[in-house]
Structures are given as C-alpha cells and as structure tokens.
Amino acid sequence: MALRISLNINGTEHGVDLEDPRPTLLDVLRERIGLTGTKKGCDRGQCGACTVLVDGRRVNSCLTLAVSLDGADITTVEGLADGDTLHPVQAAFIQNDGFQCGYCTPGQIMSAVGLLSETGGQASAEAIREGMSGNLCRCGAYAGIQDAVLEAQANIAKAGKS
Amino acid sequence: MNTFDYERPETVADAIKAGSKPGASYYAGGTNLLDLMKAGVRTPDSLVDITRLDELQRIEPQKDGSLRIGAMVRNSDLARNDLIQKDFPAVAEALLAGASGQLRNAATVGGNLMQQPRCAYFYDAHSACNLHKAGQGCDALEGVNGKHAVLGWTKTCIAVHPSDFCVPLAALGALVEVDGPDGSRQISIDEFYRLPDASTPPGSTLKQGEIITAVTLPSDAKRFAARARYIKLRDRTSYAFAIVSAAAMLHIGDGRIKDARIALGGVAAKPWRAREAEDALNGAEAGEAAFRKAADAALADAKPSGDNAHKIELAKRILIRALKAAADGTPATMPDLPGSVFATGKEAR
Ligand SMILES: Cc1cc2nc3c(=O)[nH]c(=O)nc-3n(C[C@H](O)[C@H](O)[C@H](O)COP(=O)(O)OP(=O)(O)OC[C@H]3O[C@@H](n4cnc5c(N)ncnc54)[C@H](O)[C@@H]3O)c2cc1C
Ligand code: FES
Ligand code: FES
Numbered sequence: 001m002a003l004r005i006s007l008n009i010n011g012t013e014h015g016v017d018l019e020d021p022r023p024t025l026l027d028v029l030r031e032r033i034g035l036t037g038t039k040k041g042c043d044r045g046q047c048g049a050c051t052v053l054v055d056g057r058r059v060n061s062c063l064t065l066a067v068s069l070d071g072a073d074i075t076t077v078e079g080l081a082d083g084d085t086l087h088p089v090q091a092a093f094i095q096n097d098g099f100q101c102g103y104c105t106p107g108q109i110m111s112a113v114g115l116l117s118e119t120g121g122q123a124s125a126e127a128i129r130e131g132m133s134g135n136l137c138r139c140g141a142y143a144g145i146q147d148a149v150l151e152a153q154a155n156i157a158k159a160g161k162s
Numbered sequence: 001m002n003t004f005d006y007e008r009p010e011t012v013a014d015a016i017k018a019g020s021k022p023g024a025s026y027y028a029g030g031t032n033l034l035d036l037m038k039a040g041v042r043t044p045d046s047l048v049d050i051t052r053l054d055e056l057q058r059i060e061p062q063k064d065g066s067l068r069i070g071a072m073v074r075n076s077d078l079a080r081n082d083l084i085q086k087d088f089p090a091v092a093e094a095l096l097a098g099a100s101g102q103l104r105n106a107a108t109v110g111g112n113l114m115q116q117p118r119c120a121y122f123y124d125a126h127s128a129c130n131l132h133k134a135g136q137g138c139d140a141l142e143g144v145n146g147k148h149a150v151l152g153w154t155k156t157c158i159a160v161h162p163s164d165f166c167v168p169l170a171a172l173g174a175l176v177e178v179d180g181p182d183g184s185r186q187i188s189i190d191e192f193y194r195l196p197d198a199s200t201p202p203g204s205t206l207k208q209g210e211i212i213t214a215v216t217l218p219s220d221a222k223r224f225a226a227r228a229r230y231i232k233l234r235d236r237t238s239y240a241f242a243i244v245s246a247a248a249m250l251h252i253g254d255g256r257i258k259d260a261r262i263a264l265g266g267v268a269a270k271p272w273r274a275r276e277a278e279d280a281l282n283g284a285e286a287g288e289a290a291f292r293k294a295a296d297a298a299l300a301d302a303k304p305s306g307d308n309a310h311k312i313e314l315a316k317r318i319l320i321r322a323l324k325a326a327a328d329g330t331p332a333t334m335p336d337l338p339g340s341v342f343a344t345g346k347e348a349r
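So the sequence lines, in the order shown, correspond to chains A and B.
One point on numbering: in the UniProt record's numbering, the residue at position 162 of the first sequence is 162, and numbering is uninterrupted.
One point on numbering: in the UniProt record's numbering, the residue at position 184 of the second sequence is 184, and numbering is uninterrupted.
Read the hints as simulated data drawn from the structure, not as lab findings.
Treat each hint with caution, since some may be false.
To be verified - Where chain A lies over chain B, by a calculated footprint (3+ residues, C-beta under 8 Å):
# : segment
1 : 13-24
2 : 32-38
3 : 90-102
4 : 158-164
Here the structure is a predicted model, which is why all the values come from computation and not from measurement.
Ideal placement from N, C-alpha and C gives every residue a C-beta, glycine not left out.
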C-alpha cells in the first residue's frame with residue numbers, strides 16, 4: 001500500500017514516498033530525511049528522546065504514524081537555531097551543563113521548548129520538573145536540565161519585554 | 001509490526017463503515033495502539049485514522065448545563081480548558097497526573113477510555129493471557145502481580161484499567177456517547193466497561209465498528225467543583241501509572257456532607273465507583289472518622305489477586321487522603337504536582 005505524504009520540516013517541504021503505512025515520524029525523520037538529531041531511545045513512548053514539535057506541540061515521534069501527519073509542520077532540534085544564533089533553550093543547556101553524554105539532549109530541548117510555550121513563562125522549578133518528566137536522562141543531568149529550563153524561561157521573558 | 005491498510009475517512013459515518021470491517025481498528029493519538037502493535041500484541045488488518053474528524057474535536061456546553069467533550073479532544077487541551085478547570089477540577093487534575101506532557105498532547109479522550117491494561121503478560125505476545133485470546137489462561141496469576149486487581153477480578157483476568165482520567169469520570173457519572181453500524185447510544189461510564197467473569201476477560205462494551213464520539217459530564221456534577229480532588233500513588237512522583245488512586249468529591253452544606261462522589265483507580269479492570277463509600281458519607285460530618293468508615297466500605301469486598309494485599313490498605317489510605325484534600329477545598333490554582341501526594345498546599349478557591 002504505497003502512500004505519498006508531504007511534511008514541512010523546519011520550514012522546508014519534503015515529499016516522502018512510503019511503501020506502507022508503518023513508518024513512525026521518528027523513522028521518517030532519521031531514515032528518510034536524514035535528520036538524525038532526533039534520537040531513538042526506547043521507541044515506545046517511555047523516554048522522550050524522540051520528542052519533536054508537530055504543529056508547535058511537543059509529541060513523541062516514535063508513537064506517531066507519519067502517514068497520519070500528512071501536511072503537518074514539524075520542528076526538530078535541527079530547526080531551532082537561527083543560523084549561528086542558538087535558540088534560548090539551547091544556549092541555556094550549554095550555560096547550565098544540561099547534559100553529559102548528550103543522547104537525551106535533543107529530546108530534552110524540544111520538550112523544554114514545548115513546555116515553555118504551554119506554561120506561558122510562569123513555571124516554578126517544581127512545575128518544570130513535573131513538566132519535563134517525560135524525558136529521561138540516563139546520565140542523570142537533571143539538576144542542570146532544570147536550571148537550563150528555568151534560565152531559558154527567564155531569558156525568553158526578558159527578550160519578550162525588551 | 002505487521003503491515004496494515006490505512007484509511008482516513010472524512011466523516012464519522014464513513015469512519016464507521018471502514019471501522020466495521022473485521023480486523024479494523026480506530027487510530028486516534030496512537031500512543032497505546034502503536035505501542036501494542038510494536039509489541040505484536042495488536043495486529044490490526046486496517047487502521048481507520050479518525051484524527052481529522054472535525055465533529056469529534058469540540059468541547060461544547062449543552063443547554064441542560066452538561067458539558068459534551070468530543071472523543072478526539074487531546075488530553076492536554078482538555079486539562080487546560082477553562083470550563084473543565086472551573087467546573088470539573090478533579091478531571092483536569094487526573095488528566096495532568098497521567099503520562100507525560102508529550103503523551104498528553106497526543107492522547108485523546110476516546111483513546112484514554114479504550115487504553116489497554118499494562119499487565120506485563122498482556123504486553124508479552126508469548127505469555128498466556130485471556131486478553132490475547134479467551135481460554136489461553138493467565139500467566140499473571142502465578143507471576144509478577146503486585147500491581148494487579150483487588151476488586152472485581154476473577155481468575156480469568158486480574159489486570160487493572162490503567163487510566164487516571166476515567167477515575168473522576170466514573171465518580172461524576174460521565175456518559176459515553178457511541179455511534180456505530182446499529183445507530184448511536186449513550187451509556188454511563190460504569191456500564192461502558194465489563195468486569196471479567198468465569199470465562200470472559202474484561203473489556204469495553206463496544207462492538208466492532210462502534211466509535212466513541214463524545215463523553216458528557218452531567219450538569220449536576222458541577223456542584224462538587226469547590227471540593228474535588230484526585231490523588232494518585234505511584235512508584236515515582238511523575239510519569240508512572242497509579243498503584244492506587246482516588247477521586248473524591250464532596251458537596252457540603254450546613255456542616256454536613258450532602259452528597260459525595262468517590263471512585264478508585266488501579267484497583268479493578270474498570271474505574272471503580274465506590275457507591276457504598278458514598279452512601280456511608282451522606283449526612284455525615286466531614287472528618288477523619290467518616291472518611292475512615294467510607295474507606296472501609298469502599299474496600300469491604302477487596303481481596304488480593306496475588307502478591308498485592310498491600311494495595312487494599314494503600315487504597316484506603318489514598319481514599320482518606322483524597323477525601324481530606326477535597327474537604328479542604330479545591331486549590332485556587334492547579335498544584336505544580338497535580339494528583340501527587342507530594343503536592344504542596346495551595347489556598348483553596
Ligand atoms: C509511557 C506511557 C506512560 C503512560 N502513563 C499513563 C498514566 O500515567 N496514566 C494514564 O491514564 N495513561 C497513561 N498512559 C496511557 C495513555 O493515556 C494512553 O496511551 C492514551 O490515553 C491513549 O489515547 P490515544 O488517543 O493515543 O489512543 P490510541 O492509541 O490511538 O488508541 C487506543 C485504543 O483506543 C481505540 N480508540 C481510540 N479512539 C477511539 C474512539 N473514538 N472510539 C473507539 N475506539 C477508539 C483504538 O482503536 C485503540 O484500541 C501512558 C502511556 C505511555 C506510552
Ligand atoms: S524513543 Fe520515543 S519516547 Fe523513547
Ligand atoms: S545526557 Fe546522557 S542521557 Fe541525558
């Protein structure tokens with residue numbers, strides 16, 4: 001059952017031919033488009049490494065059929081920076097040591113971007129820990145991750161006001 | 001994963017036609033179905049994608065004061081909805097106590113109701129499980145079963161319904177709207193689920209082709225808004241299924257409980273409305289003594305299905321805790337740790 005879908009990924013239209021409807025968004029991003037920033041940890045919705053934005057909302061790309069998203073806007077970690085200028089969440093992860101090995105980091109960053117748009121810049125440290133609980137870090141960089149998200153939230157608020 | 005045919009109908013009527021074919025499954029958020037397909041536990045011949053059915057996306061207050069929630073409304077959108085937060089705060093709290101931010105953005109009302117048990121033997125296509133095929137037997141009976149049912153189980157199946165959202169729905173007497181090849185019907189969430197019996201495993205009462213179109217919260221459920229909580233005990237503070245959970249709602253007047261609503265999660269194959277406990281509270285003075293009596297009544301028929309006798313006492317304690325929290329009043333704003341026993345106190349409304 002061949003299917004042709006079109007996805008707008010990080011601002012570029014991509015036509016993708018699928019031999020059958022099985023591929024997840026995660027597999028299409030990595031295997032077809034060649035965007036390997038999005039990671040496969042568990043492939044079962046349990047770790048958050050595969051988090052991307054679909055139409056601006058964070059989801060687990062491993063539990064989403066690509067065919068169902070025909071026409072959607074996808075943002076991956078590759079699409080966050082503006083040229084050499086990092087997204088505030090990316091910058092804050094570097095500033096606050098929000099990682100060790102880095103495997104979970106693209107998912108953490110995309111999840112944080114999604115979270116900050118959900119909370120509207122008002123989240124407490126506790127709310128951020130709760131809101132980021134769908135992203136596991138086997139290196140245990142959680143303290144830095146929390147600080148990074150808090151700092152990004154503050155910086156985004158500051159930039160918004162100036 | 002086996003391959004399958006894929007259809008994306010544009011109307012509910014077309015979806016029902018496609019969904020009525022043997023071997024067809026509806027695809028909503030995909031967060032449970034794809035997981036089970038990857039495990040080889042579900043092998044549908046075709047998926048009927050219902051994600052673009054506009055008819056199922058709306059949250060609509062009705063003339064009679066009830067609130068009708070379309071089956072494709074995403075869990076996160078529902079939890080953030082103003083009417084839900086105002087009138088049915090325990091529903092919002094339960095939604096936010098479930099899964100993760102990413103999963104809630106994908107998971108839908110219908111899919112949450114229809115999600116399958118998390119029993120490890122059900123999840124393993126090679127274990128004996130009557131939910132794979134009635135008559136196979138149940139490996140959980142002699143296996144790892146510390147999280148299994150203490151109410152309403154039989155040796156056919158001891159799995160529990162894992163949903164948080166469904167617990168306050170059961171307490172509030174939510175109605176499930178179903179459409180299908182034989183027309184539409186509306187049933188209480190209590191009757192929507194079947195408990196296991198001597199030979200049949202638990203499940204929903206949906207027939208092949210039937211689709212959940214909406215869930216309605218009755219208008220009389222609003223009177224609990226000032227005192228409504230959902231408390232969930234889990235292995236870690238967030239992103240884990242309930243060991244036990246409780247929705248507790250009180251309507252208090254002249255110092256006495258005029259009406260109480262109670263349901264338990266993680267204890268049975270369906271969200272467990274505890275009517276005996278509600279009866280025990282009616283007319284009583286809100287306080288520890290009455291809550292303890294209610295908890296004893298709720299678990300009076302409980303028995304361990306395996307290595308899980310502790311869940312009976314845990315369920316009582318969580319229910320008492322939820323009743324106390326409800327009596328203290330619904331917090332003015334959602335706790336930062338929704339549904340958590342570690343939630344820090346906030347001013348009541
Ligand atoms: C890691 C992880 C952690 C989780 N933690 C929690 C938790 O703590 N608490 C909790 O409550 N849940 C939890 N969940 C489960 C999650 O809530 C469910 O996966 C989700 O609600 C299912 O909704 P969906 O729309 O994705 O359903 P789908 O996966 O699309 O469908 C699930 C089932 O429902 C059927 N279906 C869907 N919509 C309809 C409809 N309208 N009519 C008829 N049938 C329909 C499908 O055919 C399928 O059989 C967790 C899931 C994961 C993966
Ligand atoms: S790879 Fe998707 S959640 Fe782990
Ligand atoms: S930095 Fe190594 S897994 Fe998180």
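Checked hints:
Given a C-beta distance limit of less than 8 Å, the hint that chain A covers the segment 13-24 of chain B is violated, as 0 residues qualify and 3 are needed. For the segment 32-38 of chain B, the proposed coverage by chain A is satisfied: 3 residues have a C-beta within less than 8 Å of a C-beta in that chain, meeting the threshold of three. For the segment 90-102 of chain B, the stated coverage by chain A holds: 4 residues have a C-beta nearer than 8 Å to a C-beta of that chain, and at least 3 were required. Look at the segment 158-164 of chain B against chain A: 0 of its residues bring a Cβ nearer than 8 Å to a Cβ of that chain, fewer than three, so the hint is violated.
Hints 1 and 4 from the list above are not met by this structure, while the remaining hints are.
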